[in-house]
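Mind docking these for me? Both chains are given alone in their own frames, and the hints should help you get the complex.
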Amino acid sequence: MKEIMNAVMYNGTNELEKKMKSYGNSLASLGEKHEDVVCLTADLTSILEVDIFRDHFPNRFFPMGMAEQNMIGTAAGLAQENQVPFASTFACFLTRRGYDQIVNSIAYPQLNVKLTGLMPGISSVGGASHQAIDDIAIMRAVPNMKIIDLADATESAIAPQLAYETQGPVYIRLRRGLLPVLFDPKQYKLEWGQSYLLRKGTDVCIVTSGLMTENALAAAMILERNGVSASVLHVPSIKPIDEEGIVEAAASCRAVLTLDNHSIIGGLGSAVAEVLMDHKVSRPFKRLGIPDQYGKAASMAYLSRLFELDPDQIAHNSVALLEGNKKITVSANWEPGGEKTTGWEMEWKN
Amino acid sequence: MAKQVTLIPGGKAANLPLEDLLLDYKRYIFQMSEAAGSGYIAQGLCSAEVMAGLFFRTLRLDPQNFENPDRDRFLLSVGHYAISVYAAMVKLGCYSKDLLDTYSFDDSIFEMIATETTPGIEISGGALGQGLSRGVGVALAGKLKNASWKTYVYMSDGEMQEGQVWEAAMVAGNHKLDNLITIVDVNGMQVDGRIEDVSNIEPLADKWKSFGWNVVVINGNNLNEVLTSLEMVQQPNGKPSIIIANTVMGNGISFLHGKTDVHYVKWNKELSDKALSELTPAGGKKA
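Residue numbers (the numbering used here), protein chains in the order written: chain A, 1 to 350; chain B, 1 to 287.
In isolation and in its complexed conformation, chain B is listed as follows (with noise of 0.2 angstroms):
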């Protein structure tokens, strides 16, 4: 029998500062990049404060013991951010700092595109569009079993293009799914170009509110924001709801930010001495 842990939201990240987390959050993403000579650090920095928010206040996880019962799942269905889960991750205690120079190389357990088969990641997410699904499902036998425990799917706005989701979406409000919570990251960029331009998925909020969720419209950069909603969300009242993050590509590094062409950034030591000297003042040694 494993030991009975009490699981805390953010773990032994908790009662640190986010600030800090969030810098070492972005150091692992550099890292993992720089190991790999490249990675989708674009996404990994505009989804920064919202995992953030997640992974070191909102999860009640166990990096002990990946299949405790008692966790809340977290389910990455744009399963390329994967670097962003790793280094939230990491900085938990649950995966070793060494795995952060594997990143998508050969036999690394930290695959470019998360799979199940890395332990402690949920769902295989590369085939955009059926997380949501897995989601509803894991929030279904959540109900029949009476847990505690919430689901929470991370999702793409390039995602929403997918039929699936729609699917998704109206089960999950046909069926109340209100331990149900998912985060859409809207940076509005697809591999073609701006998603408005290439198949326009606005109205999103009204769509979702019409499919029967509570939604919240947020700054996703913005980590007031995030943490107010990610509050806002816990308590259920019948129907699953979705956060709604808006986001900017490459957040907060100069050469990145806002930028249309960095879905798969080409990466080395130099470009993370230079990011890391915009979020630092001292040049992104430890103060």
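If we strip away everything but chain A, and leave its shape as in the complex, we get (with noise of 0.2 angstroms):
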């Protein structure tokens, strides 16, 4: 666990900076540095930003049509002849449909492949098809998997770098498009197995990644003007996951709530609730995502409120757990501080 306050971009009142096409560009400059990589998409190429690559680099980069099983076979593919292939589609379509290739063509021979599966859980807009709220719950029981949970532009941008030097099969989710800048590009940096503290506190730990963080910190501030103090752990490293900085930070609160762009069962806060376990930690604890039900065709704010996600009903969970669950009234000046997360209506048009 490292303790990053100071590379916190957001104090709950400021605009944050955005970035464009963070993980594109980072990807295209990869492809300048290494002749080794290549780029595979089954269709949605600009979507998946892939197009920066394509531009600059066409004869390495391989459109696949629609056929997301044979995506993955053929990157694993090229990756047995040293290629060093990122395959990236929507993060529902990479993990469902080719999630024995996955296995079997990838994991199992422990190949060198990057998949990439954008637009998670409530970032996209599509509905139950589109929306992947059990990749991470499928990919963690994968044999030799990394998993990153990309949370801003920063990580979006270290990513395609911290892949590539990376030997073995790895699985990074990410939001696409506009992305805030929570963490300052010049302190962070994106490690395997490692935990982020980003506030330090002793009533609830709130434990996050991906598009979560950036309410969690919202959280954290609502909970601070009503007295009560929270730790915010970020978990960008999925797996391997940083179980001492868990144990740690679980251990310095009182009680320990997650969070979830995805479905509570598998994802961040199962992988939480085990390592306290593991590690005898027992403290209050809950876990805030998409409950064991499909999300719908509908905006991220929309989602956001109705999986009970947004800053102030995280707020209001903390204060709930801490409270023996009892019922509380929400005080009139809880309101989400600072800037909203991104719309994905808003990150289309972009």
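Because the hints were derived from the structure by calculation, they are not lab data. All figures in this text were calculated on a predicted structure; none of them were measured in a lab. Ideal placement from N, C-alpha and C gives every residue a C-beta, glycine not left out. Any given hint could be a false lead.
Stated by the list, open to error - In the BS3-like style, the derived pairs of lysine-lysine whose C-alpha atoms are separated by at most 30 angstroms in a straight line are:
id : chain 1 : residue 1 : chain 2 : residue 2
1  : B       : Lys143    : A       : Lys33
2  : A       : Lys33     : B       : Lys145
3  : B       : Lys143    : B       : Lys239
4  : A       : Lys280    : A       : Lys296
5  : B       : Lys12     : B       : Lys143
6  : B       : Lys259    : B       : Lys269
7  : B       : Lys176    : A       : Lys33
8  : A       : Lys280    : A       : Lys200
9  : B       : Lys259    : B       : Lys207
Said to hold, decoys possible - Partial list, derived from the structure: chain B residues whose beta carbon lies under 8 angstroms from chain A:
id : residue
10 : Glu116
11 : Ala127
12 : Arg134
13 : Val171
Structure below.
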């Protein structure tokens, strides 16, 4: 666990800088540096931000059409010949349609394929068919697979290089388009098996990754205004996971609340629960995320509200957890602080 | 640095008579199954002539260095034909003969269904329908590197029922992968019975032609047709090639030949002797 309070750009009131296509630009730079990098897509190329790579290196870009299983197998074939393939599509199609191929053609032989799943969970307005609410759960169960869930423009810019430097299968989970800069790129270093303490508190420890981290920070500030001291532990490396860091952060608070832009079954919350049980850390515990149900075609703002993932709802749930799950009244001055999470429609237009 | 080796088609078997090589190949199939008490013998026999044509006359492999960058890539998509590949590769000196008696044993590298954890096996073939996609990736890498080696993918007709095969077929045709050669063993059978009764895959040749492939249809149990077809597909013409090899399960052994219930066969020494006596006038003993 690293304490990186100074690297957090968000203070609850400021407007965060936003950057366009951090992942795509960074992937193209990686291609510039390393000739062995190749890209495959299953349609959706510009939405996946891989159009930048395609335009720079057309001979190393392979459009596979709407055929995820073959894309994954082809990536494996390229990897066994020492290319470093980045294969991407929407997270739901990548992990659901290609699961057997990911297992048998990539993970079992430990081939050096980087899988990028975009628009996970409620960051897609497409409804149940387009919303990966189970990708972390199924990818966690795959031996040899590393998983990273990206929160902002800074992490998205680092991820391709990190994946390239890592030998073996990697699953990168990220939003797309215009993303906030949550972490100062000069101070922030993304590492496997590392967690990052963004705020240090004593009452509730909020464990978060990806899309949820901005809301977690906002929630912590609402809690602070209401006299509740919250830690925010950011865990982008879902597998391997920083067991020691999670134990330390959880043990220094009275309760633990986890956030998932994913089903509460098998996501970060499940992983944290496993770690705490394994290490005999007992705290009042709650997983917020998508309950055992499907999403629907709706805006991220709507879905976030529906699944109680807005900052004020996270704060409310934190207090309820601390108060022994008693019903409490939300104080009128509990408003989401600062910039609200970007809506999908806005990203799409950009 | 590994010593530079010039690889020749068929390696050390290149100048030996194919009839003798085939007999030894079949002996090995029986020996492996005898040790294990069972095996994919009917597949080992139906694929015998094609495997002989590939391993003893066509593929440029390096028994001393499985990673030799100049080798041809042979990808076994239909993983349970491992028995055929082990038999051929033992004959080429890729593996010790001792391994024959460990086929499908716990901890043996001769796994019943071949995976790339075994040195010399290029892909994990157990989940059917995945091998051609691997082959497309390998062939694309060959094109990127301007390599002279070729990619061979060996499949079974049952695999044609998997949708992924056709995804790969389409991409290979679109990308004009003329360094990719596929052989499909059409023995007409799957676990549930005759393929035409379970879920028909014909007309196979027309399907592959329509996906932009060169198609050669042969009697896969006829050595001359096998050798001619492998020769035909060597010249690149902007298309991937497929050899559709019609074969008979358990070919040449009376009590297996063309039977419908021989997907996986129990085996013992008595059956080995009986089978060998049908193959050689000397009753299975080397002349």
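Consistency of the hints with the structure:
1. B/Lys143 - A/Lys33: Cα-Cα ~21 angstroms, so holds.
2. A/Lys33 - B/Lys145: holds, 18 angstroms
3. B/Lys143 - B/Lys239: Within the cut-off at roughly 13 angstroms; holds.
4. A/Lys280 - A/Lys296: The hint is violated at about 38 angstroms.
5. B/Lys12 - B/Lys143: Within the cut-off at roughly 28 angstroms; holds.
6. B/Lys259 - B/Lys269: It holds: about 21 angstroms lies between the C-alpha atoms, which stays within 30 angstroms.
7. B/Lys176 - A/Lys33: Within the cut-off at roughly 28 angstroms; holds.
8. A/Lys280 - A/Lys200: holds, 22 angstroms
9. B/Lys259 - B/Lys207: holds, 27 angstroms
10. Glu116: holds, 5 angstroms
11. Ala127: holds, 4 angstroms
12. Arg134: Cβ of B/Arg134 sits 4 angstroms from chain A, so the hint holds.
13. Val171: holds, 6 angstroms
Consistency with the previously given hints fails for number 4 only.
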